[in-house]
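J.: The chain contents come next:
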Amino acid sequence: MAPKNPIDPRRVVGIEAERVAHVSSTDFPGHYPDEDHSWDLKKFKKNLKVKVQRLSNRSIDFDLVGVDASIANAFRRIMIAEVPTVAIEHVYVWNNTSVIVDEVMAQRLGLVPLNVDPALVSMKESPADTATDRNTIVFDLKLTCERNPSAPKGSTKPEELYINHELLSKHLTWRPAGEQEEVFADNPPAPTNPDIVLGKLRPGQEIEMELHAVKGVGKDHAKFSPVATASYRLLPLITITSPIPPQHAEQFQKCFSPGVIRIDQRTQEVSVDPVGVRNDTVSREVLRHPEFADKVKLGRVRDWFLFNVESEGPYAPERLLTESVKVMREKIAVMRRAAEALQEQFGGAGAADGDVEMADV
Amino acid sequence: MTVFNEEESEWDQINRTQWKGLGLTDPIKSVEDKWLLLPAFLKVKGLVKQHIDSFNYFVDVDIKNIVKANNKVTSDVDPRFWLKYTDINVGFPDRNEMDAIDKRVTPHECRLRDITYSAPIIVTIQYTRGKNIVQRNVNVGRLPIMLRSSKCVLTGKNEAQLARMTECPLDPGGYFVVKGTEKVILVQEQLSKNRIIVETDTVKGIVQASCTSSTHGGLKSKTYVATKKAKIYLRHNSIHEDVPIVIALKALGIQSDKEILLLTAGTTEAYKNAFATNLEEAAKLGVFTRQQALEYIGSRVKVNRRVMGPRRPAWEEALEALATIVLAHVPVNGLDFRSKAIFVATMTRRVLMAMDDENMVDDRDYVGNKRLELAGQLLALLFEDLFKTYNSNLKTAIDKVLKKPSRTSEFDAYNTMQFQGDHLTSGFVRAISTGNWSLKRFKMERAGVTHVLSRLSFISALGMMTRISSQFEKTRKVSGPRALQPSQWGVLCPSDTPEGEACGLVKNLALMTHITTDVEEEPIIRLAFMLGVEDISLATGTEIYGPHTFVVNVNGTIIGLTRYPTRFVAQFRKLRRARRFSEFVSVYINHHHRAVHIASDGGRICRPMIIVGNGGPKVTTEHILQLKKGNVTFDDFLRKGLVEYLDVNEENDTYIALYESDIVPTTTHLEIEPFTLLGAVAGLIPYPHHNQSPRNTYQCAMGKQAIGAIGYNQFNRIDTLLYLSVYPQQPMVKTKTIELIGYDRLPAGQNATVAVMSYSGYDIEDALILNKASLDRGYGRCQVLRKNATLIRKYPNGTFDRLADAPLDENGLVAKKYDIIQMDGLAGVGERVDPGDVYVNKQSPTNATDNTFTGQAASVPYKNSPLSYKSPVAGNIDKVMISDTENDQTLIKVLIRQTRRPELGDKFSSRHGQKGVCGLIVNQEDMPFNDQGINPDTIMNPHGFPSRMTVGKMIELLAGKAGVLTGKLQYGTAFGGSKVEDMSRILIENGFSYAGKDMLTSGITGEPLEAYVYFGPIYYQKLKHMVMDKMHARARGPRATLTRQPTEGRSREGGLRLGEMERDCLIGYGATQLLLERLMISSDKFEVNACQECGLMGYNGWCTYCKSSKKMAQLTIPYAAKLLFQELMAMNVVPRLVLDDA
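Residue numbers (our numbering), protein chains in the order written: chain A, 20 to 380; chain B, 24 to 1165.
What the hints contain is simulated information worked out from the structure, not anything from laboratory work. These numbers come from a predicted model, not from an experiment. Check before you lean on any hint, since a few could be wrong.
What the hints assert, rightly or not - Keeping only pairs whose Cα atoms sit at most 35 Å apart, straight-line, the calculated DSBU-like set for lysine-lysine is:
#1 B:K810 to A:K161
#2 A:K219 to B:K902
#3 B:K1047 to A:K219
#4 B:K991 to A:K273
#5 A:K172 to B:K651
#6 B:K307 to B:K325
#7 B:K1002 to A:K316
#8 A:K176 to B:K651
#9 B:K243 to B:K202
#10 B:K1020 to A:K238
#11 A:K273 to B:K1020
#12 A:K238 to B:K126
#13 B:K126 to A:K172
#14 B:K66 to A:K176
#15 B:K893 to A:K143
#16 B:K938 to A:K238
#17 B:K916 to B:K1053
#18 B:K916 to A:K161
#19 A:K143 to A:K189
#20 B:K1020 to A:K316
#21 B:K252 to B:K307
#22 B:K991 to A:K219
#23 A:K219 to B:K180
#24 A:K65 to A:K219
#25 B:K991 to A:K238
#26 B:K930 to A:K238
#27 A:K143 to B:K463
#28 B:K307 to B:K295
#29 B:K66 to A:K172
#30 A:K172 to B:K180
#31 A:K70 to B:K243
#32 B:K1020 to B:K810
#33 A:K68 to A:K314
#34 A:K238 to B:K651
#35 A:K176 to B:K68
#36 B:K1002 to A:K273
#37 B:K930 to A:K176
#38 B:K243 to B:K87
#39 B:K652 to A:K172
#40 B:K810 to A:K219
Bound-form chain A, shown alone (with noise of 0.2 Å):
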């Protein structure tokens, strides 16, 4: 009676109306018996799909099928916290007269996203190393607020009876220093937005700062984080069990998000939309209602992450996955030159308790 489900059920985390059931894979070897669930590359490279499903100047959506929660995941946090950016860390004041006083201003500036590509400049090795043209971005912000003679009479709006009543983050303005003006030829550091206030001013205030904006990583601060957010949400399952009578079939409609649930005009005959119910929310709605009740089954695939990164620095959004990987696999170098130099120092044997101590790299 129910469509026939190609989804293997296996692979679905369970809704229920107040828990979440069979939230871990089980697809590792000793789980099943009889089963041989080792890890193949072949298997692997046959599930895994990553297909981009929505692209804007800012923002992706895309699906990534076949791989574990942790592999996903890292990704999401790589992406939130380990993928380098610019951004505004040393701000010296010389001058600061608006009523945001200078930490705060600081702190403001260091948020404002810059379009600078990190892989044009170099990470400091320590906070105490000397500004150079390969570490560090300088801005200068100066403005002055004044009031504007030409202002129409009677006017309460600061944009007419003033000048520069607003600090924007578009008076940031680059100072070129050594080799800088060749390497940002092509794209100058700016921020992304030209139009966040950072502060106000008034007739008389004046601001006077120069900014060194540096290479971070989100871990650091989340000034460094390149993405707004980066996450997922496994797409939904939902499997009609029994028929829903006609009477029933728009409020069980209404229990999902628009473009679910379909409702043949004729027959009133209610079906899943296989395209639609990615955009479901799994509000559990459907479950509340007792005339629903073992007619409908809530899951959702555990392997099947339906990513959205919005991007709010100097990457491009389908960079950012890519840029991901990258560091992803910088780790792993990392980590594999790690165990290779274990395996040198102690010639593949370890101690008598078979531990082994990790080496520097």
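With the hints as your guide, set chain B onto chain A.
T.: Okay, now just chain B, sitting in the frame of chain A:
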């Protein structure tokens, strides 16, 4: 289900047809938005109306009465001389400096310059100068002015004008600025004056009626009518012995026993029997006539008059005492004691009633029996005392001049007045700034009347203005005064009271409470007579206690009788509603005492209520519409008789409907809004009616500690300590009260996305988990600004302090600790101050106290007396102010700011009394996230819910989440607010679970969490308790000079005490070496030489007592022990050490 509904509605409809001529299907129209009366009320009255009204009454009315009562100064020397005060006026605050060109002054300038915001008191005097009578105006002193009172420059100013005066429009006013500090005179709660209170002591078997008399300018005294061995006596402080009541009544002019019996016991047989013994007692004592009674009392009166004059006969003394001291508030005209006799008789009758029926006693905790004393009354007392002293000083000064036999010029009292000094000014300033109201004249000795206005947060300042402190001792173990009284409903906040020793004694006013000021009673009495009240002096006991008569009292004094109390009261109210007299005069019938009480005295607590007539509220939708348009104000509602004030006593005479649907034919009034029963501070709590009540009380205490915005002028203020939030937000779930008091414009907290789940184990015991990325982005960031002030003094010997620029060392360089000092000797604004840095490089002359010094001021040697930065964490110079004080000393204030981001151990709280410290700060990627990719800012452990039962917090989350999804703010107003059902519907419409629980994914494993998590925004407050200000540890450090033990307390870098209980543990365990180490070696060990011969201490191996070094031994003892021995020796006690080898 449906059938039942129909039945119900049918029943409803049948019910409705009974009145107002409505058809079966007509819906009852209800007055929409009647709560709008509340903002209208607050607009007229403001949030601290009670203080301001009281102060206005003082400066406009009371001060004139006081002067009128003390208006003449005469001379003992020259009988022709007199001086009369004809008028007194308080001006507007001005600058006190003589040479000031602009005399205007703003309160903020006073705060900054440490001066007093005060206005001159100008009296008009008439006096004799030679043979002429002269009239002049004299300034006799200055009165501190209450902010926003009728004399304040801020009154009636709009927001722009206030901004120009650097004043916050949301600041409630109602406090004083004295020597730069903001001082509040707290509302004092007292038992009402001039009323009879009957009490019993069941243990001693005593019934007593007492009355505290208080008249204007008169003495306060308490009179008792009490039982002693089943007989009734009159007791008063000025009479040595208890006077049998019959004798007292005879002395008051009621000679006949029959009349006495009628006036006290009436015709009631039980009372008669109980009273009979008293008549016998008088007869036994041989007192039959008035003269005998007066002689009896006169021989027992305490005579405390001056020795002058001849001794008067005893009966005269008695007459005087009875007329002026006993029950002083009851008027005695000439020798007409009738009304006083009736008063005493009434007290006696009340005692008889209580003897007969235990339930006839009064409840002294009943709010109707209380009066609140406000700033105006206290200042009036103070002024009267100061003014009397001023006048007697003036008199002595005048006498002194007049005594001189020959004067060169004609005596002018005006000149004497000019040289009277600032007795009034300094008296006011001293009383307000110390809070000591010690008025010998009125037997008043009160400390702690004023408090410094707490500016921790806007709410703490506001909360302070509505606070009421009780006169009860905190140590007494009676629960009555602390308990919540049913009569507090609507006038005192049931939630807002501190925990601990002051619990229940310190209360707060509810939102709509008004406190009355005195209203003249003569017109009221005249009016009562016009409404048919029969004069009491024409009545005998038969009439007074007749079956149909009700006694009419005005302010506790019996004035007459009425036989139609209901009609009288109805007519009286009608006249009040027609505004024929003050709306604050209350009238009610006490059926137990068969009395009508009219009250016009000050200090009664009352609140407005909508009048119900003809089965519906008089306020209609049309009225509210007019109000919305701004065509009418709250006063118009009063004037039209739609709304009236009811005090607590009159409330008992009414039938008040809570909601319009509750109105029945007998209803007399309708509540304006139920949520007004809470105060301003409890009004911040969303859905308080869903919380366990102590949680609301906890929040009331914590809301005052929340860091937020404190005023629009916060950046212009220089307070000793100021906590400010960097990014305050208005709450997602607000209440009507929040809008009314302006908390949405001066908030103290942020809307944190909260996940109610367990995480990591660092969240036990209410600890919170914070998201590091949220902190990076500014969540919970706050600023701490601290004032450092110094005076650049001029000394009496001509020398003065000076500011110096940074000194150079031998290399010509500026030392690190001086590097922020600029040319003027002050640190530059914006500079970072590191620990130890000097920010005011002040130098003082070495001989400042040397008054013999006569040389050139410039030639004196100077020593450094700089201000240096003490905190362990660097700060920035926020502001530097240079000004001068009233006595021309240069004042320098430096404001140093620290910006702090939350760290482990900082304290946070939601608005439901759920506080917790930060237990762990987690990276964003480790935080759980929902399908939208939202991480929580805070994770709260769900164990906080079951035992606390703060359901309001859950609903706040739900409403907040719905608000976020629709882009609207939701309401959590008490007894109303957004409904859970509506909130759930919004959640469902937006694709969320109706319950507010989301499916989260672990940020660590990447797998979904097995449970759904309650997830949404909750308003969180950061509290002022921060680890940085508290953490303290010490290995070694300073020691006290006297005992050589480590110092105490964090501020002195003190040691951590191993106290008695810890010591007991170690003793019990037997850890002797550890004990020795903790208590001596690491503390104050000291090597002494002791002589085994004499047992005294010596030094360097020499015993000065034995003059020998033979038997000297060295031992280690605590220095404190050595000190003790020496101190004992100084007291002639010889402690001898007996040494033995262990």
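J.: Can you list which hints this structure breaks, lowest number first?
T.: Numbers 12, 24, 27, 31, 32, 34 and 37 - these are the hints that the structure violates, sorted from lowest upward.
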